[in-house]
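Number of protein chains: 2
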Amino acid sequence: MNGENNFFKSAFSVDNVIFGFDEGDLKVLLIKRGTDPYNGLWALPGDLVYPNEDLDTAAYRVLEELTGLKNVYLEQVHTFGAVNRHPLGRVITIAYFSLVKISDFALKAASFAQNVEWHNVESTMKTELAFDHNAILENCFNALTQRVRIRPVGFELLPPKFTLTELQHLYEALLREELDKRNFRKKILSTSLLIDLDQFQEGVPHRPAKLYQFNKQRYQQLEAHGFSFEVKESKKKEKKKRLAALISA
Amino acid sequence: MNGENNFFKSAFSVDNVIFGFDEGDLKVLLIKRGTDPYNGLWALPGDLVYPNEDLDTAAYRVLEELTGLKNVYLEQVHTFGAVNRHPLGRVITIAYFSLVKISDFALKAASFAQNVEWHNVESTMKTELAFDHNAILENCFNALTQRVRIRPVGFELLPPKFTLTELQHLYEALLREELDKRNFRKKILSTSLLIDLDQFQEGVPHRPAKLYQFNKQRYQQLEAHGFSFEVKESKKKEKKKRLAALISA
DNA sequence: ACAGGTTAGTGTTGTTCTTACGCCGATTTG
DNA sequence: CAAATCGGCGTAAGAACAACACTAACCTGT
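Note that the protein sequences, when read in sequence, are chains A and B. Be aware that the first sequence starts at -16, since it is given in our numbering, and climbs by one per residue. Be aware that the second sequence starts at -16, since it is given in our numbering, and climbs by one per residue.
Check before you lean on any hint, since a few could be wrong.
With a straight-line Cα cutoff of 25 Å, these simulated SDA-like cross-link-like pairs (lysine to any residue) come out [claimed, not checked]: (1) A/Lys220 x B/Lys169; (2) A/Lys199 x A/Leu150; (3) A/Lys84 x A/Ser106; (4) B/Lys215 x A/Gln151; (5) A/Lys220 x B/Arg201; (6) A/Lys170 x A/Gln129; (7) B/Lys215 x A/Glu206; (8) A/Lys215 x B/Arg134; (9) B/Lys170 x B/Tyr202; (10) B/Lys15 x B/Trp25; (11) A/Lys170 x B/Phe212; (12) A/Lys220 x B/Arg132; (13) B/Lys215 x A/Glu160; (14) B/Lys215 x A/Gln203.
With beta-carbon atoms standing in for the labels, derived distance ranges [claimed, not checked]: (15) A/Asp179 x B/Arg190: 53 to 63 Å; (16) A/Glu48 x B/Glu47: 19 to 29 Å; (17) A/Glu6 x B/Arg44: 42 to 52 Å; (18) A/Tyr56 x B/Ala65: 16 to 26 Å; (19) B/Glu185 x A/Lys170: 49 to 59 Å; (20) A/Arg44 x B/Thr148: 46 to 56 Å; (21) B/Glu155 x A/Gly17: 48 to 58 Å; (22) B/Ile133 x A/Glu161: 20 to 30 Å; (23) B/Gly186 x A/Arg168: 53 to 63 Å; (24) B/Asp163 x A/Leu172: 26 to 36 Å; (25) B/Glu160 x A/Asp8: 31 to 41 Å.
Just so you know, these hints were derived from the structure itself, not from any lab. Every residue, glycine too, gets a C-beta built ideally from N, C-alpha and C.
Please work from the sequences and hints to get the whole structure.
Here it is as structure tokens:
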């Protein structure tokens, strides 16, 4: 690095943590690196930001190039800029997380063969990823679990029509706690954020469940009035923690 | 911009939104710019990140150079990177917010004369600041009001010894809602996060109040056990909002 | 056609949390 | 010693939450 130009010997990238939900558990979309550094390791999809491109635009671009999806939920989470996080130079990265319906996704997936895969989030967090992507994943996962309590983002992960049981399983996966069926249904229906489609599941080997749709319009209305969705931590779990803390004190 | 080097014709900076609390209202520390661009306008303190400096380090440096304070609360909030946010080139900025006790601060302030000042947050938000600093301030203020519900960060803004009334006023300023005195005291004391110092205010023209201290150790203990502090939006306010939303529906 | 398997759907009660609310006491000042 | 100011305290009614178990609907295989 030499002289006054030092400040410009640096670059920035975006990295996306793309979450999906399938078969009752939470997944993240990873790419297997085919070049050095970290050749052969799994990594989060990302790219350098073009010189005349906004950050959000870059994040959407990366997402679309990879999945073919537009108009998906995307949110900036944190910027990682440790001096040595990239072996080839000073590159800071802005991390985004994104929520996609796996059902919408299938399209492009085939073309990438084994280079792109959905991975279970929990096990991925225990595996070594390229760069500082473990830290990024963890950070974004935490952000997701926060967000889901405050905004009904969970719906972004489900197909357009879903059953209450599916919704409950999603929340259980995200919140990592079991919920009571009756209480969950009461609460979620009382928000008036679901539209009862008066349609039923088909082809299931048991009593078919009613299908619902998220009432986005209604949500935006409530949101516009500063009204906030909230899923609190259960009192039960809270008590356990308080007890544990007291015991250790 | 020419050729492959384009990606490196860019720089990144940090900007700090430094909050303080005084005389019952929330303030932010601003610097009056003495050079172009935006000469004469107020701006958030910030600087380019050195080539071999971590982002957080840079933010701490800016804060310390300005206030002389170390070990203050500092948190990364959001990165702003619109292509044209800086008139002289592509500069993205990582915004941090910071909480300082105004009483600790006095030190360095004098040397800056009129270039550095505490400004009331509400009125600042209605004034034009340099660059995109209005957006940054707004974003950080929102982040602060979120954080204060989840973590007892408010204490960072108060002097080491404070009365319950002072604490209540702080919360009222941050949450922008009035709180009931008795209920507030009950709740806050029940958290066991305050140490009763058995000392009293002096020199006040009325009955002196008891002084308390934040029990940081205890908080860290609870936090380590995953226990989270929570100040919810009051049901009263919530109802008002719901009603407003319903009416408009 | 019917028995067995599987998931859907539904109400009530006890407990806890939240809210609303008003008065006396301590201290300083003139 | 009177007036002004803020500090400190408790209870009762209502709302939200947690716990809990059975019947209904549909499919499958015999």
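Okay, the hints, checked on the actual structure:
1. Between A/Lys220 and B/Lys169, the direct Cα distance comes to roughly 23 Å. Compliance with the 25 Å bound is thereby established for this hinted pair.
2. Our distance criterion of 25 Å between C-alpha atoms is met by A/Lys199 and A/Leu150, whose separation comes to about 16 Å.
3. Straight-line distance between C-alpha atoms of A/Lys84 and A/Ser106 comes to about 20 Å, which keeps the hinted pair within the 25 Å bound.
4. Between B/Lys215 and A/Gln151 the CA atoms are separated by roughly 24 Å; this keeps the pair inside 25 Å, and the hint holds.
5. With a CA separation close to 20 Å, the supplied pair A/Lys220 and B/Arg201 stays within the 25 Å bound.
6. At roughly 19 Å between alpha-carbon atoms, A/Lys170 and A/Gln129 fall within 25 Å of each other, so this suggested pair holds.
7. With a C-alpha separation of about 17 Å, the suggested pairing of B/Lys215 with A/Glu206 holds against the 25 Å cut-off.
8. Under the criterion of a C-alpha separation no larger than 25 Å, the hint pairing A/Lys215 with B/Arg134 is consistent with the structure, at around 15 Å.
9. With a CA separation close to 15 Å, the supplied pair B/Lys170 and B/Tyr202 stays within the 25 Å bound.
10. For a cut-off of 25 Å, the pair hint linking B/Lys15 to B/Trp25 stands: about 4 Å separates their Cα positions.
11. Among the hinted pairs, A/Lys170 with B/Phe212 is consistent with the structure: their alpha-carbon atoms are about 23 Å apart, no more than 25 Å.
12. Distance hint between A/Lys220 and B/Arg132 is fulfilled; the C-alpha atoms sit about 19 Å from each other, no more than 25 Å.
13. A threshold of 25 Å between alpha carbons decides the hint, and for B/Lys215 with A/Glu160 the separation of about 21 Å falls inside it, so the pair holds.
14. Among the hinted pairs, B/Lys215 with A/Gln203 is consistent with the structure: their alpha-carbon atoms are about 21 Å apart, no more than 25 Å.
15. Between A/Asp179 and B/Arg190 the CB atoms are about 59 Å apart, so this pair conforms to the stated range of 53 to 63 Å.
16. Evaluation of the 19 to 29 Å hint for A/Glu48 and B/Glu47 yields a failure: the beta carbon distance comes to about 42 Å.
17. At about 48 Å, the beta-carbon gap between A/Glu6 and B/Arg44 stays in the expected band of 42 to 52 Å.
18. Against the hinted window of 16 to 26 Å, the Cβ-Cβ separation of A/Tyr56 and B/Ala65 comes to about 21 Å, which satisfies the hint.
19. Range check, B/Glu185 to A/Lys170: about 51 Å between beta-carbon atoms, so the 49 to 59 Å window is met.
20. Look at A/Arg44 against B/Thr148: about 53 Å separates their beta carbons, and that is inside 46 to 56 Å.
21. Our hint of 48 to 58 Å for B/Glu155 and A/Gly17 holds, since their Cβ atoms are close to 57 Å apart.
22. B/Ile133 and A/Glu161 have their C-beta atoms about 23 Å apart, which keeps the hinted 20 to 30 Å range intact.
23. At roughly 59 Å, the beta-carbon separation of B/Gly186 and A/Arg168 lies within the given 53 to 63 Å, and the hint holds.
24. Between B/Asp163 and A/Leu172 the C-beta distance comes to about 32 Å, which sits within the given range of 26 to 36 Å.
25. For the pair B/Glu160 and A/Asp8, the supplied restraint of 31 to 41 Å holds, since their beta-carbon distance comes to about 39 Å.
The structure shown violates just one earlier hint, number 16.
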